[in-house]
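Line by line, the protein sequences give chains B and L. Going from the first sequence to our numbering is simple: count from 1 and add 2. Going from the second sequence to our numbering is simple: count from 1 and add 84.
It is worth saying that the hints were derived from the structure and are not from the lab. For every residue, glycine included, the Cβ atom is placed at its ideal position computed from N, Cα and C. Heads up, some of the hints might be wrong.
Rough simulated footprint, nothing fancy, chain B against chain L, three-plus residues with beta-carbon under 8 Å [said to hold, decoys possible]: (1) 138 to 144; (2) 147 to 154; (3) 345 to 351.
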Amino acid sequence: MPATDSSQPANFSGEVALSCESLVKRYGEVVAVDGIHLEVGMGECFGLLGPNGAGKTTTVEIFEGLTIPDGGRVEVLGQGWGEGDDRALRERLAVQLQETQFADRLTVVETIAMFRSLYKRGWESEEVIRLVELEEKRDARVGKLSGGQKQRLAIACALVAAPEVLFLDEPTTGLDPQAKLQLWDLIEKFRSRGGTLLLTTHYMEEASRLCDRVAIMDHGKVIALDTPNALVESLGADEIVEFSLEGFVAADRLSRLPGVRGVRSRDGNYLLTVSSVAEALPALLAEVEIQESRLVGLATHRATLEDVFVTLTGRKLRDA
Amino acid sequence: MPDVIGAKPRPRPEQTLTSTDAEQTGPSPGPEASGPGAAPPLPGVSRYRPVNPLWELTLARIREFVREPEAVFWVFVFPVLLAVALGIAFRETGPATVPVAVEAEERQGPGSSSSRLMKWLEGRTDIEAVLLSPEEAARALRTGRVALVLRPARPEAAAAGSPEAGERAFAAPSHPDLDSEGLIYRYDPTRPDSRVARLVVDDALQRGMGREDVAQMRDEAVAQPGARYIDFLIPGLVGLNLMGSGMWGLGFAVVQARTRKLLKLLAATPMRRTHFLLSFMLSRLIFLALEVVAVISFGWMAFGVSVHGSILELGIISLVGSMAFAGLGLLVAARTRTIEGVSGLMNLVMLPMWLLSGTFFAATRFPEFWQPVIQVLPLTALNDALRANINEGLPLAASLPDVLVMAAWGSASFLLALRWFRWQ
Numbered sequence: 003m004p005a006t007d008s009s010q011p012a013n014f015s016g017e018v019a020l021s022c023e024s025l026v027k028r029y030g031e032v033v034a035v036d037g038i039h040l041e042v043g044m045g046e047c048f049g050l051l052g053p054n055g056a057g058k059t060t061t062v063e064i065f066e067g068l069t070i071p072d073g074g075r076v077e078v079l080g081q082g083w084g085e086g087d088d089r090a091l092r093e094r095l096a097v098q099l100q101e102t103q104f105a106d107r108l109t110v111v112e113t114i115a116m117f118r119s120l121y122k123r124g125w126e127s128e129e130v131i132r133l134v135e136l137e138e139k140r141d142a143r144v145g146k147l148s149g150g151q152k153q154r155l156a157i158a159c160a161l162v163a164a165p166e167v168l169f170l171d172e173p174t175t176g177l178d179p180q181a182k183l184q185l186w187d188l189i190e191k192f193r194s195r196g197g198t199l200l201l202t203t204h205y206m207e208e209a210s211r212l213c214d215r216v217a218i219m220d221h222g223k224v225i226a227l228d229t230p231n232a233l234v235e236s237l238g239a240d241e242i243v244e245f246s247l248e249g250f251v252a253a254d255r256l257s258r259l260p261g262v263r264g265v266r267s268r269d270g271n272y273l274l275t276v277s278s279v280a281e282a283l284p285a286l287l288a289e290v291e292i293q294e295s296r297l298v299g300l301a302t303h304r305a306t307l308e309d310v311f312v313t314l315t316g317r318k319l320r321d322a
Numbered sequence: 085m086p087d088v089i090g091a092k093p094r095p096r097p098e099q100t101l102t103s104t105d106a107e108q109t110g111p112s113p114g115p116e117a118s119g120p121g122a123a124p125p126l127p128g129v130s131r132y133r134p135v136n137p138l139w140e141l142t143l144a145r146i147r148e149f150v151r152e153p154e155a156v157f158w159v160f161v162f163p164v165l166l167a168v169a170l171g172i173a174f175r176e177t178g179p180a181t182v183p184v185a186v187e188a189e190e191r192q193g194p195g196s197s198s199s200r201l202m203k204w205l206e207g208r209t210d211i212e213a214v215l216l217s218p219e220e221a222a223r224a225l226r227t228g229r230v231a232l233v234l235r236p237a238r239p240e241a242a243a244a245g246s247p248e249a250g251e252r253a254f255a256a257p258s259h260p261d262l263d264s265e266g267l268i269y270r271y272d273p274t275r276p277d278s279r280v281a282r283l284v285v286d287d288a289l290q291r292g293m294g295r296e297d298v299a300q301m302r303d304e305a306v307a308q309p310g311a312r313y314i315d316f317l318i319p320g321l322v323g324l325n326l327m328g329s330g331m332w333g334l335g336f337a338v339v340q341a342r343t344r345k346l347l348k349l350l351a352a353t354p355m356r357r358t359h360f361l362l363s364f365m366l367s368r369l370i371f372l373a374l375e376v377v378a379v380i381s382f383g384w385m386a387f388g389v390s391v392h393g394s395i396l397e398l399g400i401i402s403l404v405g406s407m408a409f410a411g412l413g414l415l416v417a418a419r420t421r422t423i424e425g426v427s428g429l430m431n432l433v434m435l436p437m438w439l440l441s442g443t444f445f446a447a448t449r450f451p452e453f454w455q456p457v458i459q460v461l462p463l464t465a466l467n468d469a470l471r472a473n474i475n476e477g478l479p480l481a482a483s484l485p486d487v488l489v490m491a492a493w494g495s496a497s498f499l500l501a502l503r504w505f506r507w508q
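The shape of chain B in the complex, shown without the other chains:
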């Protein structure tokens, strides 16, 4: 993946599929979206990463034309909602919502065919069923499907429109690893055909695997925006060392250890961002010895988007 200027979409044609400026949405006292700017290029897969309540869903629903913003401007395929032919615009988009439950008593093929009929153009229901690998469940009632199958059905109902822009809101939340991989595969198929994708997730591995660029959101604001690689590189560290102690080691002493770029600590749990584990680890162990503490747990891993989020906010994605 070419490392590009982060403020520009990582697309090739230079065309803009989605854009918003100074977007604001309030629900009573709560500011769900607090003045964000985004630009998504044609053919790009753009991820909104953040904890629950960060404003991801609200942002996506504003793009989908389902929620009217309190301020700012949105353009989808060069058109603002309510400014032109909204229905013609909707012909070119497809949406998967987080909590849709399809009618239990319809079968898979009936449900997809119904959605197909709502669009002037689209793919054959049968082709889409094959694509999401629900052939065996073709005539099964929706109520009898598993969680992963229901999620694939939701995506099938979106894909059947042959959309230019596809919105996916937490498509893999609650799925087992197998089902998650199947969905990722499906999303990559859509991408490989040049489709534009806006997806929200709170799984960093999902964002880094699928997305060309990621905007990290927290409290209605975009706190970082770049390619997944660039975001991780911005930590200036390749590796993360996590450990917990019985006893106490001053953070400033840790930050002076060789190879350590950053330190975070909370309740005896420490997180070091390091440029080299090989350099930092022996020094750390020596320091622990000197301070007469005892290591309770130690783990190292390569830096991920999760670490970017933790570094930016001091919280983990899941429990934020």
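Please build the complex by placing chain L on the supplied structure of chain B, with the hints as guidance.
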């Protein structure tokens, strides 16, 4: 399959998805070389819409309904059961008899007044008498088992009983020989059956003891179909059923789709709002025909209730009535977010009509100053129009005001529902 007709594969010129690599992979996209278990590639081309969205949406409504056994029960079986129960309760059993009780004296004997009275009453076919103690008689009257209690006026005197009286009773059982003090009729004058019983018994006794009628009257029995209670009831059940299934069928389905966020998803598609709401109205049409046929043919087979008017006009009346309630159902569900909320609203709308609109008894029984309100209720209009057709065989023109009332309800509620509809 209709999707073959005119479904010409063609690339979408404005679409990046159908860029040239789609054609390069060949006309039949085979599995990609990304290994086993990988999803097949996306189809390369999009096609024109194969079917009409209104039809697909309506079809989905119909499928959802027929696959819900409870709904089928309430719409088709319940009204028939109701007709059976009410038909049996109010069935024709020949000339009715009046149930009365005779209070027994403390000392019972063949010569006592009550015994003599019982003996005479037993000879009557229109009076069904039982001999009971005063306490039992009072209870029987209170619980409605008898309509009237006959108490000999002077039980003490009768109990003393003269042999002469007993002899007379035996000698002439066709003559209700009473003591000169006569009888006391105990009954509740607000109970119609009690008042009838009093008249029948009194008339029989007075005549039996020799009262002469002043003028000669003749009876002529009339028992033609169309005038019975079941004839009145069946059209009312048709109307009630159209109201219930129209409102529940729509209201529930809409609110359920809203709570399941299906409406929100549909709002994100290019679907037309009117198509969505019309699909509910249209699906009602299919069931409307079946519902009306079920109740009417049952009434005809089980009770001989026949349709005197034009079947076509009956269909038109049912259709307009059904659309009125479909519109009301949509309106009730237009903004409601929960099943509980819509249930409450449904009952609020339907309960007054259950009571006031003349399903089980004539709406005209309510006080005069209620009538302006009662007559513009859609169920009153539907019931009146159905009875005019089924019972009286009147042409549609005679029910035009009723049809207009229903059409007004239907179109006003549909337009308001369309305006107020909440998709999220």
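Verification of the hints:
Figure legend: the segment 138 to 144 of chain L, annotated as covered by chain B; annotation consistent (5 residues with Cβ-Cβ distances under 8 Å, at least 3 required). Judged by the Cβ-Cβ criterion of 8 Å, the segment 147 to 154 of chain L is covered by chain B as claimed, because 4 of its residues qualify and three suffice. Only when three residues or more bring their CB closer than 8 Å to a CB of chain B does the claim for the segment 345 to 351 of chain L stand; here the count is 6, and the claim holds.
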